[in-house]
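Enquirer: Got chain A; can you put chains B and C on it based on the hints?
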Amino acid sequence: MAERIVIIAGSPGAGKSTIIKELARRSKCSIANVGSLMLEHAKARGYAADRDAVRYLPGKIISELRAQALSAINQMPGNVLLDTHASVGENGRYIPGLPIDTLKELKNVSGLVYIDAVTEDIIERRRKDPHRKRENEDDYMVNEQRIINMSMLSIASSHLNVPLFIVLNRQGRLEECISEIEKRFSELVI
Amino acid sequence: MAERIVIIAGSPGAGKSTIIKELARRSKCSIANVGSLMLEHAKARGYAADRDAVRYLPGKIISELRAQALSAINQMPGNVLLDTHASVGENGRYIPGLPIDTLKELKNVSGLVYIDAVTEDIIERRRKDPHRKRENEDDYMVNEQRIINMSMLSIASSHLNVPLFIVLNRQGRLEECISEIEKRFSELVI
Amino acid sequence: MAERIVIIAGSPGAGKSTIIKELARRSKCSIANVGSLMLEHAKARGYAADRDAVRYLPGKIISELRAQALSAINQMPGNVLLDTHASVGENGRYIPGLPIDTLKELKNVSGLVYIDAVTEDIIERRRKDPHRKRENEDDYMVNEQRIINMSMLSIASSHLNVPLFIVLNRQGRLEECISEIEKRFSELVI
Numbered sequence: 261m262a263e264r265i266v267i268i269a270g271s272p273g274a275g276k277s278t279i280i281k282e283l284a285r286r287s288k289c290s291i292a293n294v295g296s297l298m299l300e301h302a303k304a305r306g307y308a309a310d311r312d313a314v315r316y317l318p319g320k321i322i323s324e325l326r327a328q329a330l331s332a333i334n335q336m337p338g339n340v341l342l343d344t345h346a347s348v349g350e351n352g353r354y355i356p357g358l359p360i361d362t363l364k365e366l367k368n369v370s371g372l373v374y375i376d377a378v379t380e381d382i383i384e385r386r387r388k389d390p391h392r393k394r395e396n397e398d399d400y401m402v403n404e405q406r407i408i409n410m411s412m413l414s415i416a417s418s419h420l421n422v423p424l425f426i427v428l429n430r431q432g433r434l435e436e437c438i439s440e441i442e443k444r445f446s447e448l449v450i
Numbered sequence: 261m262a263e264r265i266v267i268i269a270g271s272p273g274a275g276k277s278t279i280i281k282e283l284a285r286r287s288k289c290s291i292a293n294v295g296s297l298m299l300e301h302a303k304a305r306g307y308a309a310d311r312d313a314v315r316y317l318p319g320k321i322i323s324e325l326r327a328q329a330l331s332a333i334n335q336m337p338g339n340v341l342l343d344t345h346a347s348v349g350e351n352g353r354y355i356p357g358l359p360i361d362t363l364k365e366l367k368n369v370s371g372l373v374y375i376d377a378v379t380e381d382i383i384e385r386r387r388k389d390p391h392r393k394r395e396n397e398d399d400y401m402v403n404e405q406r407i408i409n410m411s412m413l414s415i416a417s418s419h420l421n422v423p424l425f426i427v428l429n430r431q432g433r434l435e436e437c438i439s440e441i442e443k444r445f446s447e448l449v450i
Numbered sequence: 261m262a263e264r265i266v267i268i269a270g271s272p273g274a275g276k277s278t279i280i281k282e283l284a285r286r287s288k289c290s291i292a293n294v295g296s297l298m299l300e301h302a303k304a305r306g307y308a309a310d311r312d313a314v315r316y317l318p319g320k321i322i323s324e325l326r327a328q329a330l331s332a333i334n335q336m337p338g339n340v341l342l343d344t345h346a347s348v349g350e351n352g353r354y355i356p357g358l359p360i361d362t363l364k365e366l367k368n369v370s371g372l373v374y375i376d377a378v379t380e381d382i383i384e385r386r387r388k389d390p391h392r393k394r395e396n397e398d399d400y401m402v403n404e405q406r407i408i409n410m411s412m413l414s415i416a417s418s419h420l421n422v423p424l425f426i427v428l429n430r431q432g433r434l435e436e437c438i439s440e441i442e443k444r445f446s447e448l449v450i
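Residue numbers (this note's numbering), protein chains in the order written: chain A, 261 to 450; chain B, 261 to 450; chain C, 261 to 450.
The shape of chain A in the complex, shown without the other chains:
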């Protein structure tokens, strides 16, 4: 059973993946990627062949896949960095990434981390991503997603009664961002 789980979510385009990999290396935690686990289950059942297809499955199937993924995570040994989304958002559609019922299935969560970036940096990074489908992404949309994500994480923090850390990954200051999260880790994973 997982000793301690730190849930890490992030604004798309804020650099979450890079940060989690480096954090896991430094803090000797395992990484559990909810999206990858969900894709595995989706493939096994013939629901979807890639991540994009998972994203557009009906809400009920997404919830089912997520419940299975979280259950597997509880069984992982040691400390776990749970790489997930506060909400799975695409084109103004937000599926809760940590809904109340599946949230209750996660044991030993010690904290939540949200990796954000300033609006201009997010827009800039997304513009360079050839996989993004949403057009004309602007200030309103980035702010909309920030509010939804912060709300979803506040709900999780309030229900689990654990701290929420919001870390800003400013352009060109990745190391500063990683160190800031690392400093918090003594509270979260010891």
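No lab work stands behind these hints, which were simulated from the structure alone. Any given hint could be a false lead.
It does not matter which identical chain is meant; a pair holds if it fits inside one copy or across any two.
[Said to hold, decoys possible] Taking lysine to any residue pairs in the SDA-like style, the calculated list, with each CA pair at most 25 Å apart, reads:
| no. | residue 1 | residue 2 |
| --- | --- | --- |
| 1 | LYS367 | ALA327 |
| 2 | LYS364 | GLU324 |
| 3 | LYS443 | TYR307 |
| 4 | LYS320 | ARG430 |
| 5 | LYS443 | ARG264 |
| 6 | LYS288 | ASP399 |
| 7 | LYS364 | VAL449 |
| 8 | LYS367 | SER277 |
| 9 | LYS288 | ASN368 |
| 10 | LYS320 | GLU350 |
| 11 | LYS364 | GLY319 |
| 12 | LYS288 | ASP361 |
| 13 | LYS288 | ALA304 |
| 14 | LYS364 | GLY306 |
| 15 | LYS388 | ILE360 |
| 16 | LYS443 | ASP312 |
| 17 | LYS303 | ARG285 |
| 18 | LYS320 | ALA284 |
| 19 | LYS320 | ASN334 |
| 20 | LYS320 | SER446 |
| 21 | LYS367 | SER323 |
| 22 | LYS364 | ARG353 |
| 23 | LYS443 | GLU263 |
| 24 | LYS443 | ALA309 |
| 25 | LYS320 | ARG385 |
| 26 | LYS281 | ILE321 |
Just so you know, these numbers come straight off a predicted model, no measurement behind them.
Expert: For chains B and C alone, kept in the frame of chain A given last:
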């Protein structure tokens, strides 16, 4: 009993009523207006004679009226568009429109839609509304209400484990907004 | 047992303490300061000697101290203004001030008040506060804290099914802000 309920909330001044009427016509869903049902119950009990008076009733009575309205909605046949507020807000006072306890009374909710507009459009439309009482409405206030409404909808989405759609009704682009919601309806009402 | 409890939270730097003292004087309510009660319990157990030290205790101990404080508040006679935080935030770390489990321990809550200020006023006031540790506080950070606090209060409002009031304390208009809250009090404490 309602087959599927889609909850539709909106920022006041975002054009919700117009959009819901057109959506109901195209998708052949019934409309249930929580405010109208609450007013009916309020009139029957002599609590209030019009909508504005309902808004200023004590919080406890508002909750009671809402519970009765939601219970009636569960009994409606077919697919239902539930026209409601994420929060009933006036002059900085927000009554939760979908509080946890009444939320649990709603059966078969398949999704939530929030109709928003950009801040300048909202201020412009409210300025033209002779019924609005709040003076000097500004950026701060519109943003305050947006955060509260998006939080309230995130709570509902997280508890019901259903998707939340945020649709922007940009000035002069009503048809685009309606089509965007309509496209989502195959997921929500079939 | 407390007859009615009004929970008052505020953005740090929005002038909450001054406002609560004046409100208590005018409305003849007692003040219960969750932070002070938590500090008393922390001192009695040798956990911390001052407020700053409480803030940096492990999340689990903070939760325990809060539960004890809230339990004492339920025993207070008459109407109570509960002076607390929506989230205890410092350097991007937010501990829920009203988490779901302790929220359920509070009886007779009749409403929530959030005292906010416009971003520039908050930055200006915090700059003058020699106790603030967070450097380079800027628009992003004030907005981040506003979203978290409003989300946390929306969660409390939705769970307790009570109204949330957001009051803006504009620079140089303190009396206006206090009067605005006072007007609401007939609904909340009678």
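Enquirer: Taking the hints in turn, state whether each one holds.
Expert: The hints, checked one at a time:
1. Both within a single protomer and between protomers do LYS367 and ALA327 lie at most 25 Å apart by alpha-carbon distance, with minima of 13 Å and 21 Å respectively.
2. Taking the closest pair of Cα atoms, LYS364 and GLU324 come within 25 Å of each other both inside a single copy (14 Å) and across two copies (20 Å).
3. For the homomeric pair LYS443 and TYR307, the shortest alpha-carbon distance between copies (21 Å) is at most 25 Å, but the shortest distance inside one copy (41 Å) is not.
4. In this assembly of identical chains, LYS320 and ARG430 lie within 25 Å of each other by CA distance neither inside one copy nor across copies; the values are 36 Å within and 30 Å between.
5. Only within a single protomer do LYS443 and ARG264 lie at most 25 Å apart by alpha-carbon distance; the minimum there is 16 Å, versus 42 Å between protomers.
6. Taking the closest pair of Cα atoms, LYS288 and ASP399 never come within 25 Å of each other, the shortest separation being 37 Å inside a single copy and 35 Å across copies.
7. In this homomeric assembly, LYS364 and VAL449 come within 25 Å of each other (Cα to Cα) only inside a single copy, at 20 Å, whereas the closest approach across copies is 28 Å.
8. Taking the shortest Cα distances, LYS367 and SER277 sit within 25 Å of each other inside one copy (23 Å), while across copies they are farther apart (38 Å).
9. Taking the closest pair of Cα atoms, LYS288 and ASN368 come within 25 Å of each other only inside a single copy of the chain (17 Å); across copies the shortest separation is 44 Å, beyond that limit.
10. In this assembly of identical chains, the alpha carbons of LYS320 and GLU350 lie at most 25 Å apart only when taken from the same copy (17 Å versus 35 Å across copies).
11. Within a single copy, LYS364 and GLY319 get their C-alpha atoms as close as 19 Å, and across copies as close as 19 Å, so both meet the 25 Å cut-off.
12. With identical chains, the CA atoms of LYS288 and ASP361 are never at most 25 Å apart, being 29 Å at best within one copy and 32 Å at best between copies.
13. Proximity of LYS288 and ALA304 under a CA criterion of 25 Å is satisfied in neither setting, with 30 Å inside one chain copy and 37 Å between copies.
14. In this assembly of identical chains, the alpha carbons of LYS364 and GLY306 never lie at most 25 Å apart, being 28 Å within a copy and 33 Å across copies at closest.
15. Taking identical chains as interchangeable, the C-alpha atoms of LYS388 and ILE360 are never at most 25 Å apart, the minima being 34 Å within one chain and 41 Å between chains.
16. Taking the closest pair of Cα atoms, LYS443 and ASP312 come within 25 Å of each other only across two copies (18 Å); inside a single copy the shortest separation is 34 Å, beyond that limit.
17. Taking the closest pair of Cα atoms, LYS303 and ARG285 never come within 25 Å of each other, the shortest separation being 29 Å inside a single copy and 39 Å across copies.
18. Proximity of LYS320 and ALA284 under a CA criterion of 25 Å is satisfied inter-copy only: 24 Å between copies versus 32 Å inside one chain copy.
19. With identical chains, the CA atoms of LYS320 and ASN334 are at most 25 Å apart both within one copy (22 Å) and between copies (20 Å).
20. Proximity of LYS320 and SER446 under a CA criterion of 25 Å is satisfied inter-copy only: 14 Å between copies versus 37 Å inside one chain copy.
21. Proximity of LYS367 to SER323 under the C-alpha cut-off of 25 Å is found in both arrangements, the shortest distances being 18 Å within a copy and 18 Å between copies.
22. Within a single copy, LYS364 and ARG353 get their C-alpha atoms as close as 24 Å, and across copies as close as 22 Å, so both meet the 25 Å cut-off.
23. Taking the shortest alpha-carbon separations for LYS443 and GLU263, only the intra-copy value of 19 Å comes in at or below 25 Å, while the best inter-copy value is 44 Å.
24. Proximity of LYS443 and ALA309 under a CA criterion of 25 Å is satisfied inter-copy only: 23 Å between copies versus 39 Å inside one chain copy.
25. For the identical chains of this complex, LYS320 and ARG385 are neighbours neither inside a copy (31 Å) nor across copies (37 Å), given an alpha-carbon limit of 25 Å.
26. In this assembly of identical chains, the alpha carbons of LYS281 and ILE321 never lie at most 25 Å apart, being 28 Å within a copy and 30 Å across copies at closest.
When each numbered hint is compared with the structure, violations occur for hints 4, 6, 12, 13, 14, 15, 17, 25 and 26.
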